[in-house]
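Line by line, the protein sequences give chains A and B.
Numbers 4 to 538, taken from the numbering used here, label the letters of the first sequence in order.
Numbers 4 to 538, taken from the numbering used here, label the letters of the second sequence in order.
It is possible that some hints are incorrect.
As the list makes no split between identical chains, a pair holds if one copy fits it or if it spans any two.
As the list claims (entries may be wrong) - Below, computed lysine-lysine pairings styled on DSSO-like, alpha-carbon distance capped at 30 Å: (1) K70 x K85; (2) K534 x K426; (3) K85 x K44; (4) K261 x K237.
Everything labelled a hint here was simulated from the structure, so no lab data went into it.
Computed from a predicted model, the values in this text were never measured in an experiment.
Protein chains: 2
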Amino acid sequence: MSPAKVHISACLIRYSLKLKNCENMTANLSAFYSRLMDKVKEIFLFDSAGAIIHWDMETMMPPKAIKLRSQQLALLSRIEHKMSTSPEIGKLLEDIMKHPEYADLDPVQKRNIYLVKKHYDEQTKLPEELVAEIAKQRAITTDVWKKAKAAKNFAMFKPELEKLVELQKKAAEILMEVKQTETPYDALIDIFEPKMTARTITKVFNELQQGLVSLLKKCEASPKQPDISILKRKVPIELQRKIAKALAETVGYDVTSKEARGRIDETEHPFTTGFYDDVRITTHYYEDNFTSSIFSVLHEAGHALYEQNLKPEWMFQPVGTACSSGFHESQSRFIENIVGRSWEFWKYFLPKLKQLTGTVFSDIDLDKYVQAINRVKPSKIRVEADEVTYCLHIIIRFNLERDLFADKITVKELPHIWNQQYKEFLDIIIENDSEGVMQDTHWASGLFGYFPSYALGNIYSGQILEALQKDMPNWKKQIENGNFKQIKEWLVKNVHSYGNLYDPPELLVKITGKKLHVNPYLSYLTEKYSKIYQF
Amino acid sequence: MSPAKVHISACLIRYSLKLKNCENMTANLSAFYSRLMDKVKEIFLFDSAGAIIHWDMETMMPPKAIKLRSQQLALLSRIEHKMSTSPEIGKLLEDIMKHPEYADLDPVQKRNIYLVKKHYDEQTKLPEELVAEIAKQRAITTDVWKKAKAAKNFAMFKPELEKLVELQKKAAEILMEVKQTETPYDALIDIFEPKMTARTITKVFNELQQGLVSLLKKCEASPKQPDISILKRKVPIELQRKIAKALAETVGYDVTSKEARGRIDETEHPFTTGFYDDVRITTHYYEDNFTSSIFSVLHEAGHALYEQNLKPEWMFQPVGTACSSGFHESQSRFIENIVGRSWEFWKYFLPKLKQLTGTVFSDIDLDKYVQAINRVKPSKIRVEADEVTYCLHIIIRFNLERDLFADKITVKELPHIWNQQYKEFLDIIIENDSEGVMQDTHWASGLFGYFPSYALGNIYSGQILEALQKDMPNWKKQIENGNFKQIKEWLVKNVHSYGNLYDPPELLVKITGKKLHVNPYLSYLTEKYSKIYQF
Numbered sequence: 004m005s006p007a008k009v010h011i012s013a014c015l016i017r018y019s020l021k022l023k024n025c026e027n028m029t030a031n032l033s034a035f036y037s038r039l040m041d042k043v044k045e046i047f048l049f050d051s052a053g054a055i056i057h058w059d060m061e062t063m064m065p066p067k068a069i070k071l072r073s074q075q076l077a078l079l080s081r082i083e084h085k086m087s088t089s090p091e092i093g094k095l096l097e098d099i100m101k102h103p104e105y106a107d108l109d110p111v112q113k114r115n116i117y118l119v120k121k122h123y124d125e126q127t128k129l130p131e132e133l134v135a136e137i138a139k140q141r142a143i144t145t146d147v148w149k150k151a152k153a154a155k156n157f158a159m160f161k162p163e164l165e166k167l168v169e170l171q172k173k174a175a176e177i178l179m180e181v182k183q184t185e186t187p188y189d190a191l192i193d194i195f196e197p198k199m200t201a202r203t204i205t206k207v208f209n210e211l212q213q214g215l216v217s218l219l220k221k222c223e224a225s226p227k228q229p230d231i232s233i234l235k236r237k238v239p240i241e242l243q244r245k246i247a248k249a250l251a252e253t254v255g256y257d258v259t260s261k262e263a264r265g266r267i268d269e270t271e272h273p274f275t276t277g278f279y280d281d282v283r284i285t286t287h288y289y290e291d292n293f294t295s296s297i298f299s300v301l302h303e304a305g306h307a308l309y310e311q312n313l314k315p316e317w318m319f320q321p322v323g324t325a326c327s328s329g330f331h332e333s334q335s336r337f338i339e340n341i342v343g344r345s346w347e348f349w350k351y352f353l354p355k356l357k358q359l360t361g362t363v364f365s366d367i368d369l370d371k372y373v374q375a376i377n378r379v380k381p382s383k384i385r386v387e388a389d390e391v392t393y394c395l396h397i398i399i400r401f402n403l404e405r406d407l408f409a410d411k412i413t414v415k416e417l418p419h420i421w422n423q424q425y426k427e428f429l430d431i432i433i434e435n436d437s438e439g440v441m442q443d444t445h446w447a448s449g450l451f452g453y454f455p456s457y458a459l460g461n462i463y464s465g466q467i468l469e470a471l472q473k474d475m476p477n478w479k480k481q482i483e484n485g486n487f488k489q490i491k492e493w494l495v496k497n498v499h500s501y502g503n504l505y506d507p508p509e510l511l512v513k514i515t516g517k518k519l520h521v522n523p524y525l526s527y528l529t530e531k532y533s534k535i536y537q538f
Numbered sequence: 004m005s006p007a008k009v010h011i012s013a014c015l016i017r018y019s020l021k022l023k024n025c026e027n028m029t030a031n032l033s034a035f036y037s038r039l040m041d042k043v044k045e046i047f048l049f050d051s052a053g054a055i056i057h058w059d060m061e062t063m064m065p066p067k068a069i070k071l072r073s074q075q076l077a078l079l080s081r082i083e084h085k086m087s088t089s090p091e092i093g094k095l096l097e098d099i100m101k102h103p104e105y106a107d108l109d110p111v112q113k114r115n116i117y118l119v120k121k122h123y124d125e126q127t128k129l130p131e132e133l134v135a136e137i138a139k140q141r142a143i144t145t146d147v148w149k150k151a152k153a154a155k156n157f158a159m160f161k162p163e164l165e166k167l168v169e170l171q172k173k174a175a176e177i178l179m180e181v182k183q184t185e186t187p188y189d190a191l192i193d194i195f196e197p198k199m200t201a202r203t204i205t206k207v208f209n210e211l212q213q214g215l216v217s218l219l220k221k222c223e224a225s226p227k228q229p230d231i232s233i234l235k236r237k238v239p240i241e242l243q244r245k246i247a248k249a250l251a252e253t254v255g256y257d258v259t260s261k262e263a264r265g266r267i268d269e270t271e272h273p274f275t276t277g278f279y280d281d282v283r284i285t286t287h288y289y290e291d292n293f294t295s296s297i298f299s300v301l302h303e304a305g306h307a308l309y310e311q312n313l314k315p316e317w318m319f320q321p322v323g324t325a326c327s328s329g330f331h332e333s334q335s336r337f338i339e340n341i342v343g344r345s346w347e348f349w350k351y352f353l354p355k356l357k358q359l360t361g362t363v364f365s366d367i368d369l370d371k372y373v374q375a376i377n378r379v380k381p382s383k384i385r386v387e388a389d390e391v392t393y394c395l396h397i398i399i400r401f402n403l404e405r406d407l408f409a410d411k412i413t414v415k416e417l418p419h420i421w422n423q424q425y426k427e428f429l430d431i432i433i434e435n436d437s438e439g440v441m442q443d444t445h446w447a448s449g450l451f452g453y454f455p456s457y458a459l460g461n462i463y464s465g466q467i468l469e470a471l472q473k474d475m476p477n478w479k480k481q482i483e484n485g486n487f488k489q490i491k492e493w494l495v496k497n498v499h500s501y502g503n504l505y506d507p508p509e510l511l512v513k514i515t516g517k518k519l520h521v522n523p524y525l526s527y528l529t530e531k532y533s534k535i536y537q538f
C-alpha cells in the first residue's frame, strides 16, 4: 500500500466515522426539532380553536351565555398556558440549542427556535404570582375604568391604574433582564414590536410630529375646506352590508365564493381574527355614518390579507405568523388609507356605490366625495382621527408611557400632561378626562408598549408605498381600473410571505432597502393633502 | 360517680371519638367528591367549547377552512379523551366508592358517581387499539357509504360495513361484560337508552307495529284523503326565517330577546347543540316546501327546551344532563307532533302565518291545512315519514340490528330483509338500496343501538301526554289560545328538571306512574287520525 493510499484510507475512515456521528447527531437534532414543531403546531391549533370561541362570543353567542362562555375561556386559557409553558418545550429548546450540530440548521429552523424560545421565556420567566397579580389587577382596573369613564372621574381610576403600573413595572424589569433591553419600557415595546426601542421611536416620532403639525396648519389655513354633509346621508344597513362585501372582494379578500377563506360579521368594535384559511373580520354599521363601516372594512381587510397570505408551507410554525403589530397596522392602513381613501379607488368604486345604493348618491361628484372622506380636523378622540392628526394622538400616548415607565412622571400627572399636549399638538381643549386620558381601554387593560405600533405602522406604510411605486409605477392606474390583483401580489410577495422570518427593523430593510424613516410617509401625505387642500 | 354516669361518660367518649373519625372521613370523602366534580366540570366546559367549534363548522365557517378545522377538532378530541380517561378520575372513583362513609352520600351525589363511573368505564375498558381501529373503520365506511349510495351499489358498501360490524361486535362483547347486559347488542343500546333491552323493545315494538299497521290501513282505506297541494306553495326564505323565529318564541324557546339563550341558523341537516344558557338549533329552508322548516324548527325547539331547562344547580354535573336519546326524542316529537301538528296549535298560529306571508295563504282553511300537514302515506324514506308510518321505519331497522348482532343474519342479507319488511309493513317496493338499506348514515358511521331511541321517544311522548292530560285537562285549550307557558312549565317540572337522576325505565315510572307501554301513544294517534280520516 502506497503512503498515499494509506492516507486516503485513514481519511475515509475518519470521514465515515464523522459521517456516522454526524448522522446520529443530525438524526437526534432533527427528531428534537420535529418534536418541538409538533408541540408548537398543537399550540397553534389550540389557540386558533380558542379564537373561534372568542369570535363567537363577540358575534353569535346568545346573550345569556356570557357566564358560561367566560368559564369556557378561562379553562381554554389555563390549558393553553400549560401547553405553552410545558417543561418538555424548555427541555427540547435546551437539547436543540446546545446540540453540536445546531449551527447547521437552516435559517428558517433557527428562526423558529428563536421565536419559540422568546415566547417560552416571556411566558415562563415571570414569577407565576406576579402574572396572577397582574391578571387580577387588569380585570379590576378595566372594571373601574368603565365606571370612572362613565362618571368622568379620573380620581376613581387613579389608584387602580397606579397599582397596575407598579405591577407592570416589576414585570418590565424582569423582562428587561431576559430580553437584554436598555430600559424596562423597551422590554414592553419588544412584545409588540421586536427590537424596536423607545430611543429610536422618540427620534422618528419627533420628526413625524413636526411634519404632521406643519401639514395640519397648512390644511387648516386653506380657504378650500371639504364639505362633509354628504357623509351624513342615510344608507340602510342592508345596503351597507352589500357595500362591505363588494369592498372586501375588490381588494382581494374573498368572503362570498365557495373558495372563501373569510367572512364579515358585526361587532361594536371592529376586529380581525384567525389565520391562513379562516380569517374573519367584523365591522359596525351606522345608518347615518356609512363611511364608518366602509373604512373599517377596508382596514380589517388589510389585516385579513396579511394573515391569509402568510406562506402556506409555514403554517403552524412561528415563522408563519405576522412580523409585528406595527407591520400588521402597516397593512391595514395601506388598504384603508393609501388605497381606500385615494381618488383612484373611488374613481373605480363610486359608480359601484351609486349602483348599490339606488338614488342616495346619484348627485354626488367624485372630487367632492374624495375631499369629504379626507377632511382634516383635529379632534379629541383617536379612533375618529383623520390621517394627518392620527399619529399625533399616538405620539402623545407614547410620550406619556415612556416617561411613566422611566419614572419621570406619575400616574397622577397623566391627565394634566395629556391635556397640555393635546393643546400643543392639536390645539384642542380637553374638557374632561373621559374624552381625554381615559378614552382608550389600553392602559386600563395593562397594554403598555402597544400604542407606538399604530404610528409605526403608518410610517412603515409610507416606506412600503415608496418601494411599491418603484416596482410598479402605474399602481394608481391599476387601482383606478379596479385591478387590485397586482398590488395584492406585490404585498404578498414583499411583505406577507416573509411572515416572521425577520424582526421589524430587518424586515423593513428587506422590503424597502432603508431603515425606519418618516420622509416617505410625510411625502405621501403632503402630496395627497396639497391636492385636496390646494396649498 | 354512679354506674349510669360512668356508662354515659364512656359512651360520650366513644361517641366523640366516632364523631372525630367520622368528620375526618367525611372531610376526606367530601374532598374526593369535590375534586371529582371539579374534574367533571372541566370536561363539561371543554366539551361545550368543542360543541361551539363543531357548530361553527356546520353554520359559519368559511368553506376553505375545513382542513384546518378537522385538525382543530382532532386535537380537541384527543385532549378531551385524555381528560375523561385520566387515571386521577379512576383513582378518585375508587377512593370514593370504597370509602367507609360512601353509603352516607345523598342520592344526587351517588347518581353523579354512578354516571361518572359508567362513562369512565365505557371510555377506558375498551382496548385503545380497538377504539382506534373502530374510529378508522368508521371513517372509511362513511366515505365508502357516500360513494356507494351515489352509485346505488350495496356491493361496494358491503365489505367495509362487514369489517365495521365485526369490530363493533368485539366492542359490544367487551361492553357486555362491563355493563353486565344479557347480550352484546343490549350493551350498545345501553349507551343511548340505559337499562333498555332488546327483549323489552321487541315486545313493545311488536305491539306498536300491529297498532300502526292497523291504523295505516284505516287511513289508506278512508275515502277522505287530505289535499296536500297547499304545502307546495312558494314561501320566500326570508319569510320562512321570520316564521321560524315566531314558532320558536311561541313554544317558549327564546332566540331574539336580550335574555335569549338560543339561536336559529341554517344547515343541510337540522340539529340541536349546547346546554343550559347556550342551546342552538338549525333548520333548512326550502322555498317550495315551507313546512319542512316549520316542523324541523318545532322538533329542534323540543330538544332545545329540554337542554335549556335542566336544573340550574346541576349544571356541570352528570345528573344535569338529559336522561337518554329516547327521552330527548320524546321532547322533540312532543313539540313537533303532539303540539305542532295539532288542530289547536294551528288555530292559534295559522293567522300568524297568514300575517307573516302576505297573500300566500290568505285563502287557506284551518281544517284543510291541518289535514294536509297530517297526511298519512307510506314512503321509502324515514326522515320524510308521517306520524303513523315513522315508527315502522324504525322497527325495521331495529329488527335488522338485533338479528345482525345476534348472528342470526349477515350484512350480506340486509338489503333483502330490508326490502322484504318494507313490503310487509308499508307495502312499499324498494327499487334500489340507496333508497333502501343505504338511506341513513347511522350504520356507516358505526351508530348501532341508536335507532330504537327514535321509536321509544314516540312511545314515551304518548305516556307523557297521558300524564299531562291528567294534570292539565285543558291543555288543548291552552294551545288554542297560544298559551304555551303552563305546558312548558309542566314539561320542565315533570321531565326536564329530573335531568339524568334516573335511568329511562325508572324516570318513565316517576313521570307517568307506569312502565313502558304503547297504548297511550296508539290512543293518541287513533284519536287524532280517526278525526282527520273520519273512520
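Structure-based check of each hint:
| no. | hint | verdict |
| --- | --- | --- |
| 1 | K70 x K85 | both (23 Å within a copy, 26 Å between copies) |
| 2 | K534 x K426 | within (27 Å within a copy, 83 Å between copies) |
| 3 | K85 x K44 | both (15 Å within a copy, 18 Å between copies) |
| 4 | K261 x K237 | between (32 Å within a copy, 27 Å between copies) |
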